[in-house]
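With chain Y fixed as given, assemble chain R onto it according to the hints.
Chain by chain, the residues:
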Amino acid sequence: MLAGAAIAVAAGCGGSNDEASPVPAPAAAAPAPAPVASSAAHLSGIKTYLLEHTGLLTGFTAAFQADAQRYYDLAAGVGFDYARLEAEHGAEASEILAALKAAWVEGNPYYERMEGVVAGTPSLAEFDVILDAGSSAEEDPGSAVPFDLTTPSGTVLKQPGNLYSLTEGMLWGTLPQYVAQAGVDLDGDGTAAFGEVLPDADALLAAAQAFDRYAGELATAAEAWQPTESDAFTALVVMVPTMSEYFGQWADSRFVRGDASSSEAFNVVSRLSDIRDIIGSLDVVYAGVEPLVAGVDEAQAEQTDAALDDLAAFIGDLQAQEQGGRAFTAEEASTLGAEAQERGTAIAGQVAQVAARLGIEIAQ
Amino acid sequence: MRRLVVLLVSLAALAATGAAAAATEPWRAAGEAQAALGDAGKALIVDGPAAATAAVAEAEAAAAPLLPAVPAAAAAAIREALVLGRASAAAGDAAGLAEAHGRLRTAIDHAGLDAAVAAAAAGDVDGARAWLLLREFRPPTRFSRAGADATLALDALADGRIAPPVAAAAVRTDLLDTYQARLRTALDDLAAAVGRGFWARAAGDAALARGYAGLLATAHAEQRGAQAQEALAAAFDDLLAATRAQDATAAAAAAGRIDQALEGFRAAPLSTGEQVRRAGQLLRFTALVPVEYGRGVDGGRVVHDFEIQEAITFRDGAAQAFADLESVLLARDAAGTRRIGTLLDVLGDALAAAAAGSRVVEPDVVDAAAAEVVDLAGGLYPEEWKDAGEAADFDVIQGALDRVEAAAAAGQHSQAEQARLEAYAFFEFGPEQRLRGLAPGLFVRVEGLFWYGEGDTPGLAQLLRRKASAAEVAVTRAALDAALGEAESAVGSGATSTATIVTNTAVIVFREGLEAVLIVAALVAGMAGARQRFRRPLVGGVAAALAATVVTWVIAQTVLGSLSRYGERLEAVVSLVAIGVLLLIMNWFYHKVYWTDRLAGFQGRKKALVGAGLVGAATAQALGLVALGFTSVYREGFETVLFLQALSLEAGPGRVLLGVAVGLAGVGSVAVLVFLLHRRLPHKKMLITTGFLLLAVLVIMVGKTVQVLQSVGWLPVDPVEGLRLPYWAGQWFGTFPTWEGLGAQALALALVVGSYLAAEGLRARRRRRILAAPIGATARGDA
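Protein sequences, first through last, are from chains Y and R. Here the working numbering is used: the first sequence runs in plain steps of one and ends on residue 485. Here the working numbering is used: the second sequence runs in plain steps of one and ends on residue 789.
Looking at chain Y on its own, in the form it has when it is part of the complex (with noise of 0.2 Å):
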């Protein structure tokens, strides 16, 4: 973003060394300046961009639970006697649930967007583990979310995951166990398809009150919170580089494996959009420090931008390419990962440079 004239002006000074150097030199980087003071003029647009996401993610939530608790109510009134449910109320249902998921695939990345600032912002990490990366205690005690649900029939729903994967595995059935009734013809076209089944409502509406519940204190944490150029620089060197990781969900979701994918999540919104929505939100953390890595190293600063842009062109051209429904094989999906993963990797390493000659911190 800030190419531009200094560097062509450090560029022609450069030349000065050629002869004394073993090797051509090359156009200078710009020598280390003291460090900037402060640059909180540009991290609040980083807040600013986190309070707009937390209030779409909101919204959402609260558009869900009123769903959610229309279609328990539906079942209480059958007493939840699903297959009564399907027969008496079946065209109802099907709309409530329709609703859901709609708001749900509209609610997905009104998170993914800010993930990047909220995974990798020590003080809001805990939300990222609720809402959107914590597994349950089942699967890996060790990533476990930190909550456990009550249904309002009073059962424990012990550390049950996070609430964007729990409440998909729930409206598609990937998550058996909150499935009330499989195989319903919910759009009645005659056939029971991935995704038709009629969830848990007891369980559903749990999940969706805590989905609002947890989106209000996040929205509230990030009220409060007041970012600092070590949440900045950490978040970049957290965030960037976890490229192979979400290509390797990607590569086991419905997306890359089809029906013999056993994935429980990411089967319907593909990883690749919230690959793209997270490196979008670290972007507009990078804007925000992009001054300051220009104050140590304009070259570096360049670097970065160009690297970072390159990485977002990479993803939205493969999530371009599968929207417009080009499958992707396992293979295909590793070696596309492995380049996403490199690209991400240096973009850290750089990011950890500046950090270093800054002096500033970023958190493990």
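Fair warning: there could be bad hints in the mix.
What the hints assert, rightly or not - Just a sample of chain R residues kept apart from chain Y, beta carbon distances all over 10 Å, derived: (1) A56; (2) E142; (3) E228; (4) T278; (5) V371; (6) D373; (7) L382; (8) E460; (9) K691; (10) W738; (11) F739; (12) R775.
To be verified - Simulated pairs of lysine-lysine, BS3-like, Cα-Cα distance not exceeding 30 Å: (13) K279/Y / K473/R; (14) K279/Y / K222/Y; (15) K473/R / K168/Y.
To be verified - A few chain Y residues that don't get close to chain R, going by computed Cβ distances all over 10 Å: (16) F201; (17) R205; (18) A208; (19) D310; (20) S351; (21) Q370; (22) S384; (23) E385; (24) L439.
No wet-lab data here; the hints were simulated from the structure. Computed from a predicted structure; not experimentally measured. Backbone N, C-alpha and C define an ideal beta-carbon position, used for all residues, glycine too.
Then chain R, alone, in the frame of chain Y:
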């Protein structure tokens, strides 16, 4: 026809960029070329050979400005990679394109490394910085991020803090370490790709591994000889050929030869100082694995996941330190070194199984494996590594403080507090022992920052209790880092003047011994006349404690590290016993002796009454006095022994013993003074003085014991907000600004004073009754 179009596009691109070549920065040319070749791989998958070929042409155009700026060999390698890329793209050969990409990246890495090192060596900071932008970085892991040694070395060179050769060496070391780590990653990725039959990916990884090995070739030849290097290069050629031929067996065979050839190889050998640090880390980290594991499991199941995670962290740290030392250790004892590697793997497997919940081995198994590693490593270490523990202690403390910050930032303040206590324990039973003798001022600073603040900086205990923000914790952490850094320097630079050592030692011995001496001297002085026989059990207890202290000294010499596992808890238990016994004795002393004395004197039948009272309870009281003598002395003796032993290693036993002698002389003088003062005072005043003295000691002991209980996590820490107490208040009077500590001291005070008032009331009632009752009834009632 298609090839002709591609060629024309390439030539046009080259022509367009040629004029700008001189002004194009290397990072831009390299970055664009690599990105374009990466895009070619994607284009081949998505759009087919034509699009891939066009992308390769972009890569060629981007790379053109770089070629004249790099040495001929590097330029040739870049050209070869691009030629291969072009041919592979046109042929739709994904594996060939992946290989070309790997070749291009490592050729650029090679050019960047050589140029950055050369520029740094010539003192050309700007040139070195510009070429350093071409570098790659270590793949991040859960425990590590990309380092910045080369970058910071160039900053130091720019500031004139280091000379060009030092900066060049730092740049070279950083880059070689990075590319060696990447070589390992590429080989691991390759094995996984071969296992899944992803041959295009495997070819790319093989080309990368071969390229990284080429970056390390000079170092390998220097260390292992030209013949070994030729064999290694041939193995990498075979590996690449095997992946292109999609031959898993040949790939595995070549990978096996490579692993064998690289065993113990380190491209950028550590300096002696770094080796010593790693040696200390291997011992300390390994020793901590069974400690954490033992806390994390019980009865064949995991009870605390985080303890297992910490055990894993220490095991991984030990494994990393071992990897860094392996080449040196192999040369000393190949079999022993391999055994260490095997044992660390065994520990890793056991911990991973426990973390996954699939298998929980007995703590004894982990203990035995860790102990064997420590024994073997200690035996293999050269003499100059033997005193390697101090720096490693600071690493352990920093590791625990990292966990404090991470947990606090995640809002998990109770876990953060646990990690803080752990960090403090590492400090208290590690560097603190020496620091108190070498730099007491620094010790005070570190203590303050761990607990209740130092100057204007709040302490970690305060911050965590009030759930302070990550930013606030970070500020204190930064201050703590600075203090610990100075402490490390102070400890590392060794003993200071004799006067300092002697003075510091004497002060500690005096302070630690003062409470015990006050208790013993006051009681002994009070045991006059018929009660003189009680001096024997009290002094006997003191003698037993001194003997136990000597035994502790001997044990500590052999198992100092192991003692640290129990040190604080032992101190806590002994302190609690000491307080209990002191309370009992005070109760006896005042209510059965003092008040009875006064009562007896009032009645004029003192001798008969005291005799009757003492004979009845003689055995219990004697045992109580033995216990009091023992616990009063040993609770301080244990800590003093550890301190003196650590200091004697640093400063030599002569100066430390001199300090001990001075301290003991001071304590002895106080004892004599107390004793003489008591003897000269009128009996009643003496008893009252003794009472106040014992009460003061009790209150101090209670305060210090609460602090110890908080240190081991047996009591919560609730700082009194806004209350600042000077350091000496804690050190000399056991008064720390926590509700628990102040409350317990107030309670102890209230208990004794209340007991006195209750006894006074009872005595008054009895006196009235006695005055009105026959004499024989009173004597039986008191017995």
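Does T278/R sit more than 10 Å from chain Y, CB to CB?
-> Given that every Cβ of chain Y is farther than 10 Å from that of T278/R, nearest at about 25 Å, it holds.
Beyond 10 Å from every chain Y Cβ - status for E460/R | Label holds. Min Cβ-Cβ 20 Å, cutoff 10 Å.
Going by Cβ atoms, does F201/Y stay more than 10 Å from chain R at every point?
-> holds (34 Å)
Going by Cβ atoms, does F739/R stay more than 10 Å from chain Y at every point?
-> Holds: least Cβ distance 37 Å, greater than 10 Å.
Take a quick look at E228/R and tell me if its Cβ sits farther than 10 Å from every Cβ on chain Y, holds or violated.
-> Its Cβ never comes within 10 Å of chain Y, the nearest being 20 Å, so this holds.
Is the nearest CB of chain R more than 10 Å from the CB of Q370/Y?
-> Per Cβ check, Q370/Y is outside 10 Å of chain R; nearest 17 Å; holds.
Least C-beta distance from A208/Y to chain R larger than 10 Å | holds (43 Å)
E385/Y and chain R, when compared Cβ to Cβ, separated by more than 10 Å | holds (19 Å)
Since W738/R was said not to touch the interface, does its Cβ keep a gap of more than 10 Å from each Cβ of chain Y?
-> Check passes; 37 Å lies beyond 10 Å.
D373/R non-interfacial with respect to chain Y [C-beta, more than 10 Å] | holds (23 Å)
Are all beta-carbon distances from E142/R to chain Y longer than 10 Å?
-> Given that some Cβ of chain Y is not farther than 10 Å from that of E142/R, nearest at about 7 Å, it is violated.
Distal placement of R205/Y relative to chain R, Cβ over 10 Å = Answer for R205/Y: holds, closest chain R Cβ roughly 41 Å.
When held up to the earlier numbered hints, the structure conflicts with 2, 20 and 24 and fits the remainder.
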